[in-house]
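Colleague: For the record, in the sequence shown the residue sitting at position 632 is 772 according to my numbering, with numbers rising by one throughout.
Calculated directly from the structure, the hints in this document are not laboratory data. All figures in this text were calculated on a predicted structure; none of them were measured in a lab. Ideal placement from N, C-alpha and C gives every residue a C-beta, glycine not left out. You may find that some hints are simply not true.
Per label pair, the in silico range of CB-to-CB distance [stated by the list, open to error]:
hint	residue 1	residue 2	range
1	A880	S264	52 to 58 angstroms
2	Q239	R747	48 to 54 angstroms
3	L522	I831	35 to 41 angstroms
Derived lysine-lysine pairs resembling DSSO-like cross-links, with alpha carbons at most 30 angstroms apart [as the list claims (entries may be wrong)]:
hint	residue 1	residue 2
4	K554	K482
5	K482	K520
6	K242	K278
7	K523	K864
8	K500	K523
9	K279	K657
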Amino acid sequence: MYANIIIDISHESVDRVFQYRVPRELEGEIEAGKQVYIPFGAGSRQRKGYVVELTDEVQYEESKIKDVAGIVKGSVTAQSQLIWLAWWMKERYGSTMNQALKTVLPVKQKIKESPKRRIRCLLSPEALEEAVKEAERKKYKARLRLLTAFRGQGSIHYEEAMSRLGLTASSIKPLEEAGAISVEVAERYRNPLAGMQPLGEGIGTGAAIQLTAAQRMAADTMTGEYSRGIRGTYLIHGITGSGKTEVYMEFISHVVGAGKQVIVLIPEISLTWQTVMRFYRRFGNRVSVLNSRMSAGERYDQYERARTGDIDMIIGPRSALFAPFERLGLIIIDEEHENSYKSELSPRYDAREAAAMRAKISGASLVLGSATPSLESYTKALKGEYRLLTLKERAKAQASLPKAEVVDLREELKSGNRSIFSRRLKELIEDRLSKGEQTMLFINRRGYASFVSCRSCGEALKCPHCDVTLTLHRDGQMRCHYCGHTAPQPKRCPSCGSPYIAPFGTGTQKIEELAVKMFPQARVLRMDMDTTSKKGGHQEILSSFGRGEADILIGTQMIVKGHDFPKVTLVSALAADLSLYASDYRCSEETFALLTQAAGRAGRGDRLGTMVIQTYQPDHYSILTAAKQDYEAFYSQEMAFRRMLGYPPAMGLLTIQLQSPREDALAGAADMLFASLESLKEKGEEAPAFIGPVNAPIYKVNDIYRKILYIKHENYDILIQIRKMAEQRLKELAGCEHVASYYDLT
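When you get a sec, could you build the whole thing from the sequences and use the hints?
Modeller: Spelled out as C-alpha cells, the structure:
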C-alpha cells in the first residue's frame with residue numbers, strides 16, 4: 141500500500157503530492173488526513189506531511205519510493221480535517237484531488253505584499269456626514285472621495301486610497317492635521333471590521349437579547365441539546381422578519397461561551413455589511429469577515445487570525461466554510477436555499493452537504509435557516525434527518541407580513557398601458573413618495589435592453605464566443621454577461637444590412653431611466669453588478685439607501701435578499717415571469733423563493749408593507765402561494781410534480797457535462813460515453829434512467845462547446861458509482877483528449 145502525501149502545507153504548494161510506502165506495521169493506522177513523518181530532501185531529514193489518499197497504484201519507480209517514518213501523535217488539526225474533507229468532496233462530486241485541495245485550502249502561503257498602512261476615520265457618523273457636505277459645498281473633490289469611502293467602514297488601506305481613489309499625500313494631509321483622520325501602521329492581522337461603527341453596550345460579551353416565545357423555544361432547543369453533548373443538524377424555517385438572526389446569535393453565544401468557534405455562511409456579498417454589523421455589535425472584535433472583494437493579503441490575514449485562534453467567528457460566502465478553525469463548534473448557513481451555495485467550478489460541491497460533513501468530522505452542530513427552505517432540506521426535515529424549528533410570526537411587535545397584490549400584465553396591455561409600471565404600481569409609488577416612505581423595484585436582468593435585433597430579417601445580435609444574445613447597456617455598448625465580450629451597437633444589421641435595428645426588452649438601466657422620467661421628484665439609486673463592481677460598491681449603495689438618501693432603489697435580485705430597511709413599505713417584482721420559465725426544473729422553486737424573499741423586505745418596521753407582483757401568469761401556483769407567503773402549499777404542489785417527473789429530491793440526479801473547443805470531438809465523446817454506459821440499462825428495475833446526451837442550455841460559452849448527459853436513480857451511492865465509471869470510461873476512450881468532464885450530483 142502507498143500513501144500520497146503533501147509536504148508541510150503551510151510552506152509548500154499543494155499542486156504536487158509525493159508518494160511513500162506504508163510499512164506493514166502502520167497499515168490500518170494511516171488514513172486520508174492523517175499527519176505523518178516522512179523522510180524528505182537532502183539527507184532524508186524528517187518532515188511532517190499530510191496523507192491525501194491511499195492507493196495500490198505505484199506512480200514512481202518502486203526502488204525510489206521511501207517508507208513513511210511514523211504517525212504524528214496528538215490532536216487532529218484543522219488542516220487534516222480539511223484534507224479529509226477534500227478527499228470526501230473528490231469522491232462525492234468528482235474532481236482531481238488537487239482541485240479539491242485548492243478548494244478547501246484557498247490560502248496556501250503567506251502573501252508578502254499586504255498593505256502596511258491604513259487611514260483611519262476619527263469622526264463620528266454624524267460628524268462624517270457634515271464633513272461630506274462641507275467637501276461637496278467647497279468642491280474639494282479628492283477630500284470628498286476619501287470621506288465618502290469611510291461610510292460604513294472605519295478605515296481603508298493607504299495604498300488602496302492612493303490607487304482607487306486617486307489621492308495624493310497632499311490631499312490627505314489637511315484632514316490629518318484637522319484631526320479627522322489618522323494614518324497608522326497596520327497591525328498584523330488587523331480586523332477589517334474594527335472602527336466600522338461606534339461600539340454599543342454589550343460588545344464582546346455575547347449579552348442576551350429579548351427574544352419572542354418562538355425564538356426562545358428554538359434557541360433553547362439547540363443550546364439545551366448542545367449542552368447535553370448532542371451535535372445535531374437543525375432547519376429553522378422562519379417567515380421573513382421572524383428574527384432568525386437573533387436565534388443564531390443566542391446559539392452562537394452559547395457555543396462561544398463553551399470555548400468553541402463558529403462559521404456563518406451568507407449567500408450574497410451584498411448582504412455582508414448589514415449582516416456582519418449585527419454580529420459585530422454583539423460579539424465585537426472576535427468576529428471577522430471574508431469575501432471575494434478583499435485583497436489576497438487581507439484574506440491571508442483573516443485566515444491566519446482563524447488559524448491562530450485570534451477570532452471566534454468568521455462570516456462570509458461558501459469559501460468561508462474552509463476557515464482553519466481548530467475548535468469548530470457550530471456552522472450556520474443563512475438563506476440556505478440560495479443557489480450560490482453550489483459551486484460552478486470543479487469540484488461542483490454543495491456547501492450545505494460539505495458543511496454537514498465538516499460538522500461531522502469536527503464534532504460541530506449545523507444550523508440551516510430560511511423563509512423558503514430548499515425542497516431538499518425541507519424533505520430531510522420532514523423525514524426526521526434534520527430537526528425542524530419554525531418561526532411563524534415577525535419578531536417586531538408592530539411588524540406584520542406585507543399585503544401582496546398580483547397585477548395581470550395582460551390586462552394592462554389590453555387597456556393600452558405599455559409601460560413596465562402598471563397603473564396600480566405607479567399609484568402606490570406616488571403614494572409612498574408623498575409619505576416619505578421608500579420603494580424597492582427589482583427585475584432580474586441588468587443592462588438597458590435584453591437584446592438588439594433587426595426588424596427586417598429578425599436576426600438577434602449574438603456574442604461571437606457564446607451562444608447567447610448581447611445585452612445593450614446605456615453607454616451604447618453591447619456586452620456578453622458570460623465571457624465579457626464587448627461591442628458597440630451597430631447602425632446596420634450585420635446579417636442583411638438593414639438600418640432597422642433596435643433594442644428589445646428591459647434591464648435595470650432602462651428601469652432607472654423610466655423611473656427618473658415618471659417620478660422626477662424621486663431620488664433613485666440602482667444596484668446591480670455594473671454599479672457594484674468596485675470594492676465597497678455594495679456597502680456604499682446600501683448605506684446610502686439605509687440613511688434615507690434615496691426614495692427608490694432599483695436592482696437585480698441582490699436587493700431583495702436579507703436586507704432590513706424599516707422605511708421600505710413597497711416592493712415590486714416588475715417581471716415575475718423572467719425566472720418562471722427558465723430551462724431548469726427548479727424554476728418554479730426559485731420564482732417562489734425570490735418573490736417571497738422580495739415581499740419580506742416590505743413592512744419590517746411599524747408601517748404596513750405592500751408587495752406588487754407583475755406577471756403574465758397570475759394563476760401559476762408559485763406566484764399564488766408566494767403572494768400568500770404559504771410555503772407548505774407551495775411545497776406540497778411542487779413535490780407532486782417532482783415525484784411525477786422524477787426530479788430531486790424525489791430522485792437523485794447526476795449531471796455529466798462534457799465540454800471541448802472542438803465540436804466534433806465533443807459529439808463523438810458524448811455518443812461513445814452514452815454507448816459505454818448503456819449496459820447499465822440491463823439491470824431491470826434497478827437500472828438508472830438516462831436523458832441525453834443533449835446540448836447544454838447555453839451550448840457555447842467563451843468558444844467552448846458543451847453537452848450534458850442526465851442520469852436519474854433513487855440511490856445516491858449507485859449514482860456515485862456511475863460517475864466513477866464514467867470518469868474511467870472517458871480516460872479509456874480514444875479521441876477524448878480534448879474533452880473535459882464535470883459532474884454535478886443533486
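Colleague: None of the hints should be skipped; say for each whether it holds.
Modeller: Going through the hints against the structure:
no. : hint                            : verdict
1   : A880 x S264: 52 to 58 angstroms : holds, 55 angstroms
2   : Q239 x R747: 48 to 54 angstroms : holds, 50 angstroms
3   : L522 x I831: 35 to 41 angstroms : violated, 27 angstroms
4   : K554 x K482                     : violated, 42 angstroms
5   : K482 x K520                     : holds, 18 angstroms
6   : K242 x K278                     : violated, 51 angstroms
7   : K523 x K864                     : holds, 29 angstroms
8   : K500 x K523                     : holds, 19 angstroms
9   : K279 x K657                     : holds, 28 angstroms
Hint check: violations occur at hints 3, 4 and 6; the rest are consistent with the structure.
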